[in-house]
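Participant: For reference, the chains in residue letters:
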Amino acid sequence: MSLLQHLCQLLNDSGFGTAIRESDYAYSIIESIHVITITLVVGTIAILDMRMLGFILRPIAITRIARAVFPLTWSGFVIMFISGFLLFWAEAAKMYVNPAFKVKIVLLALVGLNPLIFHTTVYRRAHEWETLHLPPWRARAAAIASLTLWGSIVVAGRAIAYF
Amino acid sequence: MRSYVLERQILRVFLHSWFIALGQSSLGQLMQTSKWGFALVEMAHLVALAILGGALLIVDLRLLGLVLKGESARTIGRDLSRIVIGGLIVMILTGIALLSEEAGKCYFSPAFRWKMALLASAVLFYFTLHRRALLHTDIGTPNFWSRAAAVLSLTLWLGVGVAGRAIGLI
Chain A
-12 MSLLQHLCQL LNDSGFGTAI RESDYAYSII ESIHVITITL VVGTIAILDM RMLGFILRPI
48 AITRIARAVF PLTWSGFVIM FISGFLLFWA EAAKMYVNPA FKVKIVLLAL VGLNPLIFHT
108 TVYRRAHEWE TLHLPPWRAR AAAIASLTLW GSIVVAGRAI AYF
Chain B
29 MRSYVLERQI LRVFLHSWFI ALGQSSLGQL MQTSKWGFAL VEMAHLVALA ILGGALLIVD
89 LRLLGLVLKG ESARTIGRDL SRIVIGGLIV MILTGIALLS EEAGKCYFSP AFRWKMALLA
149 SAVLFYFTLH RRALLHTDIG TPNFWSRAAA VLSLTLWLGV GVAGRAIGLI
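These protein sequences, in sequence, are chains A and B. Here the first sequence stands for residues -12 to 150, where the numbers follow the numbering used here. Here the second sequence stands for residues 29 to 198, where the numbers follow the numbering used here.
Calculated directly from the structure, the hints in this document are not laboratory data. Possibly wrong hints are sitting among the right ones.
[Claimed, not checked] Computed list of lysine-lysine pairs in DSSO-like fashion (alpha-carbon distance at most 27 angstroms, straight line):
(1) B:K63 x A:K81
(2) B:K63 x B:K133
(3) A:K89 x B:K63
Small disclaimer: the values here were computed from a predicted structure and weren't measured.
Starting from the given sequences, assemble the full structure and let the hints guide the process.
Facilitator: See the structure below:
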C-alpha cells in the first residue's frame, strides 16, 4: 500500500470522515452546497471568458469585468474547496481508486495553471487591449482553455458518482 | 361560488397521463436503459446550470449596485439575457430528458412540484418586473424596488436549484 493510499484510508476511517459518511443528512447537504456553488465559480469565470471571446458585454473594459468577477469566483472557490474536501474526507478510500476523481484532480491542476500563465503574460499588458471588442488571440485562447477545462471539471465531478 | 373540483380533477388526470406518456416514449426508454445516457444528459444539465447561474448572479448583483456600478444595467441585462435564455433552453431540454427517466414518480414528488412552481415564477418575474427594474436603473444607483427585485430574483432562482437538487434526495 502506497503512502498516499494509506493516508486516504486513514482519513476515510477517521471519526470525522465516518461521521459524515454515516450521517443521514450531512453528506447530502454538503454535496448540494458543492453542486449549487458551481454557479458561483464556473458561472462567474465564464462571464469573463465570454467577454474575452467578444460574445458579451463588449462596451465594458475587460479589466473592469475581471475586477467584478474575481472576488465572486474566489469566494466560490473557497466554498467549493472546503465542501469538496469534506466529501473527499468521507469517501477517501473510494476516491483513491476512482478514475473520474483522478481526472478531476488533474483538470483542477491544469485550470490553475491557465490563469498563472495568462496573468504573467498577456494580461500584464491588458491596459493596451482591455477596451477592444475582440482581444488578442492569446487572451481568446486562454478563455477557450478556461471554458473547456471548467466544463470538463463539472463533467468529471458528476462522473465520480458513476464509478 | 363554484369550486371547480371536477375541472381540477380532469386537469390532474390529464397532466399525469402526459408524464406517463413521456416515461413510455422512446426518449424515456432510452434514458431508462442506456448506461451512460442519463449521466451524459445530467452533465450537460449541470454545465448549463453553471452558465445560467453565473449570468443571473452578475445581473442581480448589478441591480443591487454591488458590481459594475456606473455601467448600464440595461446593457448588462440585455447582453446577459442571451446567455440566460440560451442556458434556460439547454436546461429545459435536458431537464425533459432527465424527467423522462422516471416521469411517473416525479409527478408525485413534492420537490419536483416545488421546482416547477418556482421555475415558472422565476421565469415570469425575469421577463416582467425584473426587466423593468433593469431598464429603470440603467446607469444610475438602484432604488429600493430595483434592489427588492434583485433579491427576489436571486431567491427564486436559488429556490429552483435547491428544489432541483432535492428531487434526487427525497
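Participant: Next, verify each hint and record whether it holds.
Facilitator: Do the hints match the structure? See the list:
{"no.": "1", "hint": "B:K63 x A:K81", "in the structure": "21 angstroms, holds"}
{"no.": "2", "hint": "B:K63 x B:K133", "in the structure": "20 angstroms, holds"}
{"no.": "3", "hint": "A:K89 x B:K63", "in the structure": "21 angstroms, holds"}
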